[in-house]
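Full structure from sequences and hints, please.
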Amino acid sequence: MKKPTLKLGVAVAALALVASGCGSDDGKNSSEVDVAANKDCAERTQEARDADELDEVSLQLQWVSQAQFAGYYAAVAECFYVDEGLDVKIVEGGVDIVPQDVLASGDVDYAISWVPKVLGSIEQGAKITNVAQIFERSATTQISFKDKDITKPADLKGKAVGSWGFGNEWELFAGMQEAGVGVGDINLVQQAFDMNAFLAGDIDAAQAMTYNEYAQVLETVNPDTGKLYTPADLNVIDWNDVGSAMLQDAIWAQTEKLSDADYEAQTVAFIKASIKGWAFVRDNPEDGAKIVAESGSELGTSHQLWMTNEVNKLLWPSTNGVGIIDDAAWKQTVDIALHTKNETGASIISKEPPASAHTNEYVEKALAELEADGVDTKGAGFKPIEVELKEGGK
Amino acid sequence: MAQIWTRFRAVILGAVGVAAVVASWDLYKALGPEQGVLIGDTRILPRTTDLAMPHSWEMLQRFTEPVTSLAGAPDAFSTVYDASMFSLGLAARGWLIGVVVGLLLALVMSRFRIIESALLPWVVLSQTVPLIAIAPLVRRWGSAVEIGGHVWTSEDSVAVIAAYLAFFPVAVGALRGLKSPEATHLDLMRAFGIGWWRTLLTLRIPASVPYLLPALRLGAASAVIGAVVAEVSIGLKGGLGRMVIDYAVAASGDPAKPWAPIFGAVAIGLVAAGAIGLLGLALRPFRLTGVAQ
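Those protein sequence lines, which keep their order, are chains A and B. Here my numbering = 1-based position in the first sequence + 82. Here my numbering = 1-based position in the second sequence + 10.
Bear in mind the hints are in silico, worked out from the structure with no lab data behind them. Hints may contain errors.
Just a few of them, taken from the derived set where beta-carbon distance is under 8 Å, the chain B residues facing chain A [what the hints assert, rightly or not]:
#	residue
1	R17
2	I142
3	R227
4	A261
5	S262
For every residue, glycine included, the Cβ atom is placed at its ideal position computed from N, Cα and C.
Spelled out as structure tokens, the structure:
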């Protein structure tokens with residue numbers, strides 16, 4: 083009985099070795115993004131940390147690292163947060179991570195999420211407040227190939243229409259409802275993360291974010307021409323033009339903590355540095371894309387730059403200054419959330435959200451400070467760059 | 011020739027098996043209808059376009075190309091390898107936790123009838139909770155935990171979720187194994203006045219091995235799946251699960267790319283099963299003394 087015991091011991095030891103060796107437990111939380119700061123900033127951050135001058139702040143993203151969040155990455159990488167006395171940790175999202183729930187439960191200090199998604203959570207009791215509306219415009223579109231001849235919501239009738247669901251469908255439904263097309267009049271198709279179903283013709287009109295899925299199509303070779311698809315091959319229904327756009331990426335804070343003067347000051351500082359980060363990305367889109375890529379995003383290089391450029395278009399030029407929640411846009415979002423019915427007949431919310439759901443108090447202070455520092459918060463002269471997509475977004 | 015055959019039979023058969031899969035993939039791609047095979051509106055065989063089914067060699071070749079065009083980007087193989095090791099490590103951690111918990115549960119349940127009656131339904135019930143429901147909960151509860159200076163990380167959450175899937179087959183298999191000795195053997199032990207502990211060590215545990223090994227293997231497979239799915243679920247960076255999401259974006263423009271992490275998952279599944287095979291070799295003497303299976 084001696085020998086097998088020894089062998090067993092060896093096997094268990096080997097397994098234990100694998101377990102401990104591969105775990106790479108360096109005591110760091112991998113959901114936190116290691117933003118690649120420039121050398122100067124990295125040193126300053128370290129010094130400030132050592133001197134205990136920084137307040138730790140965590141930000142929950144809505145999704146994994148990508149240029150959609152370039153402004154926050156840039157604010158870390160360029161030390162804009164450190165300048166405000168903040169040590170910001172960016173926490174990535176995941177398929178089942180709901181940012182507003184993470185924020186409402188107090189695990190993070192701020193979160194990025196779409197307004198319509200949060201309105202539902204607020205009605206169910208989440209106590210959180212929109213303190214800065216970063217994206218002024220919606221990036222959600224419905225795209226189709228030219229030969230399908232779908233140029234307006236009314237054309238969707240009887241077609242196979244793709245949607246990701248999970249709260250991404252409301253602008254589509256609102257636009258259709260406006261045009262007299264019921265959810266029952268279309269063949270609603272559950273859309274995957276990729277555009278293969280659209281390219282294969284299973285979906286006539288697919289949901290596409292201007293900064294992501296639209297580019298995915300343009301990165302694909304058209305088998306008829308042997309070249310990449312071009313914007314000329316596609317019809318785009320833009321919900322901003324239709325009038326059923328809803329507010330997307332916003333910074334959310336914990337409502338109850340906003341009565342605490344320290345958290346209020348921190349919120350102003352956080353918004354200020356974040357907007358400065360976005361202004362940096364506006365002026366240096368290539369650097370913005372690079373910071374995101376070096377911080378662990380696996381997206382292809384041209385795809386990343388495309389996303390940066392398209393996201394810039396959602397912020398700039400800004401009508402009232404980035405972050406200001408426009409009353410009309412807020413009202414439009416709430417109205418759609420109240421009155422649009424989905425395939426089960428439900429709407430996002432059943433009554434008006436509380437007044438605590440949004441405030442311009444902090445972003446106005448942040449913008450005033452930025453103006454005083456000479457930062458352009460409107461970007462009136464903003465010109466997007468031309469991004470050439472490569473096959474597969476490489 | 012015959013000697014070579016007997017010696018390397020397993021290896022040859024294994025290679026033939028892989029070759030058969032690859033050949034049928036490319037044969038179907040070459041000969042199958044472009045739009046796939048449909049019965050009514052239901053597609054029972056996939057499309058054969060390059061988008062839906064890249065050539066096997068393209069998928070292989072993709073491993074040698076850089077992940078992105080960023081200067082200094084590593085090739086896809088080393089990226090997938092790193093991610094595979096990361097996920098395998100988490101799965102192994104989950105498996106170890108799962109095995110320990112599963113064995114303890116089985117031990118307690120086999121010792122006390124009443125605990126078995128009380129606990130077993132919960133053990134079974136635990137597996138009916140969908141992973142997507144528990145993953146965010148584990149992360150949230152975990153973030154409130156701090157054990158002796160060790161701060162809870164998302165890696166711990168993933169390992170715990172992997173363990174959550176892995177403990178079940180171990181608990182059920184070990185329980186059956188521990189209760190497997192024949193009544194006459196147990197009576198003999200009792201007749202000689204041998205206590206519970208020695209009966210456990212000399213009779214019950216050796217007898218449980220034939221039940222335990224398949225349970226451990228099932229546990230390993232569950233741990234790998236649990237680790238990869240939990241990574242997707244909570245968005246943990248560094249492993250295969252996250253890579254599946256990240257690479258899905260390239261599904262249309264670079265169709266071979268999303269397959270890379272899938273092969274990685276297959277590979278670590280094989281490694282995990284192989285490791286249990288080694289364990290089985292070490293436990294062979296017990297398998298011979300155990301009851302027929």
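Hints, one by one, checked against the model:
1. R17: The hint is violated - R17 (chain B) has no Cβ within 8 Å of chain A, the shortest such distance being about 22 Å.
2. I142: Hint on I142 (chain B): holds, closest Cβ of chain A at ~5 Å, below 8 Å.
3. R227: The hint is violated - R227 (chain B) has no Cβ within 8 Å of chain A, the shortest such distance being about 13 Å.
4. A261: holds (3 Å)
5. S262: holds (4 Å)
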